[in-house]
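*Asks:* Each chain is listed here by its residues.
There are 2 protein chains.
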Amino acid sequence: MKRVKVSNNVIRRLPRYLRKLDELQENGINRISSFELGQQLGLTPSQIRQDFSCFGEFGQQGYGYNVAGLREQIASILGMDRGYKAVLIGVGNIGHALMDNFSFSDCGVQLAAAFDIKESLIGTEFKGVPILAWDQIEDYLKNNEVAIAVLCVPKTAAITATDVLTRNGIEAIWNFTNIELTEPNSPIIVENVHFSDSLLSLSYFVSERMDEHAGQTAKTDK
Amino acid sequence: MKRVKVSNNVIRRLPRYLRKLDELQENGINRISSFELGQQLGLTPSQIRQDFSCFGEFGQQGYGYNVAGLREQIASILGMDRGYKAVLIGVGNIGHALMDNFSFSDCGVQLAAAFDIKESLIGTEFKGVPILAWDQIEDYLKNNEVAIAVLCVPKTAAITATDVLTRNGIEAIWNFTNIELTEPNSPIIVENVHFSDSLLSLSYFVSERMDEHAGQTAKTDK
Numbered sequence: 001m002k003r004v005k006v007s008n009n010v011i012r013r014l015p016r017y018l019r020k021l022d023e024l025q026e027n028g029i030n031r032i033s034s035f036e037l038g039q040q041l042g043l044t045p046s047q048i049r050q051d052f053s054c055f056g057e058f059g060q061q062g063y064g065y066n067v068a069g070l071r072e073q074i075a076s077i078l079g080m081d082r083g084y085k086a087v088l089i090g091v092g093n094i095g096h097a098l099m100d101n102f103s104f105s106d107c108g109v110q111l112a113a114a115f116d117i118k119e120s121l122i123g124t125e126f127k128g129v130p131i132l133a134w135d136q137i138e139d140y141l142k143n144n145e146v147a148i149a150v151l152c153v154p155k156t157a158a159i160t161a162t163d164v165l166t167r168n169g170i171e172a173i174w175n176f177t178n179i180e181l182t183e184p185n186s187p188i189i190v191e192n193v194h195f196s197d198s199l200l201s202l203s204y205f206v207s208e209r210m211d212e213h214a215g216q217t218a219k220t221d222k
Numbered sequence: 001m002k003r004v005k006v007s008n009n010v011i012r013r014l015p016r017y018l019r020k021l022d023e024l025q026e027n028g029i030n031r032i033s034s035f036e037l038g039q040q041l042g043l044t045p046s047q048i049r050q051d052f053s054c055f056g057e058f059g060q061q062g063y064g065y066n067v068a069g070l071r072e073q074i075a076s077i078l079g080m081d082r083g084y085k086a087v088l089i090g091v092g093n094i095g096h097a098l099m100d101n102f103s104f105s106d107c108g109v110q111l112a113a114a115f116d117i118k119e120s121l122i123g124t125e126f127k128g129v130p131i132l133a134w135d136q137i138e139d140y141l142k143n144n145e146v147a148i149a150v151l152c153v154p155k156t157a158a159i160t161a162t163d164v165l166t167r168n169g170i171e172a173i174w175n176f177t178n179i180e181l182t183e184p185n186s187p188i189i190v191e192n193v194h195f196s197d198s199l200l201s202l203s204y205f206v207s208e209r210m211d212e213h214a215g216q217t218a219k220t221d222k
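The listed protein sequences correspond, in order, to chains D and Z. With my numbering applied, the first sequence corresponds to residues 1 to 222, in that order. With my numbering applied, the second sequence corresponds to residues 1 to 222, in that order.
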């Protein structure tokens, strides 16, 4: 695929578009204007047209977007049709919750194996995914083409596990450890899932609103 | 607190600053320049100075930032010192994982109670948090000042649960249901945790890199 450099904000909106288009398809809607799509997503129509223009021409002036076609193109831009394989490292609570509830395949990713150090887990299978011994990881990565490691180990093991993974060819880490793995100029791609960042942003917005209310009350009191 | 309107990007960086400052404190570092902080976070010094200038003057020209002081101010901006109470709705895998592993108190939030419909859970306690019957939620919210609801119910229950919560005064939802709850012009504050968005962004970056490699190989081959 020919690629132009696209801003991070646009990339971050693509999965949202995808979810919305899936929802539209489920509701039997085949065509949508940028105006209507914008309304449903809280974006301006021009914002939407500009986002899509980064990847070529998707809509037809006056006819709107073909929902199925647009969905397919965005999925392809996101790499969902490439059949990436993932391994999950650390089958604790969060690792287990992901294996149980999260549909990797809905993202076009195949969760091929999980790894842990816990004897009672090793050799078992969960929802069709084998749980292997962590000390088999090097062999496994040599013999399987794995694109993504899902890192769910305890904080204390995060750095060591990352070293082992990257030395064995892993270039992308989906990081649930709450340890910042992104070094400037690092060759690995890290997507950090920091629950606390998300809750703290929410806390910010709550505080902002409360202060606004308080401000209004103060004004009314005068 | 007097508030100026701050861009979403700045707000999203505040928790990252906080994590970095915590790490510096743990390592006994008391003072840091915007240059050094920028290097460690992959941001430019001017970006950092600009971010902080939204909230007033934090650093001293030529002396850098006092780590503990800056940490405290950012924590306060994020509302971490306001003692927000949260309730968690739905003690399934993800709800359970949050109760087990996620430190609400590290974000200044008190997880006061959890709610479920499952008989075997109701009346029990997990890590000091009581699990109550979902049909007690109205009473609970009447008698307790709750700022945030952590929504971990199955997809199919997301909308109904949200209706009940907002009708009973909840204004902020930390949403783990993978259902987009944010309506344009909605009065509730929603922070969506979409695991799939995060994985799809990672998939995008992996694809981008692979295409770059492929492009380079193609060039070299000529």
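Simulated from the structure, these hints should not be mistaken for lab results. Hints may contain errors.
You can't tell identical chains apart in this list, so a pair holds if it fits in one copy or across any two.
To be verified - Here are the simulated DSSO-like cross-link-like pairs (lysine-lysine), alpha carbons at most 27 angstroms apart as the crow flies:
id: 1; residue 1: 20; residue 2: 85
id: 2; residue 1: 5; residue 2: 127
id: 3; residue 1: 127; residue 2: 155
id: 4; residue 1: 20; residue 2: 155
id: 5; residue 1: 142; residue 2: 20
id: 6; residue 1: 155; residue 2: 5
id: 7; residue 1: 142; residue 2: 155
*Asks:* Are the hints correct? Go through all of them and say.
*Replies:* Hint by hint, here is what the structure shows:
1. 20 / 85: Classified as within; 25 angstroms inside a copy, 32 angstroms across copies.
2. 5 / 127: Neither way: residue 5 and residue 127 sit 38 angstroms apart in one copy and 47 angstroms across, limit 27 angstroms.
3. 127 / 155: The answer is both: 26 angstroms in one copy and 20 angstroms across copies each meet 27 angstroms.
4. 20 / 155: between (35 angstroms within a copy, 15 angstroms between copies)
5. 142 / 20: Neither: 38 angstroms inside a chain and 35 angstroms across chains, both beyond 27 angstroms.
6. 155 / 5: neither (34 angstroms within a copy, 35 angstroms between copies)
7. 142 / 155: within (26 angstroms within a copy, 38 angstroms between copies)
Hint compliance for this structure: hints 2, 5 and 6 are broken, all remaining hints hold.
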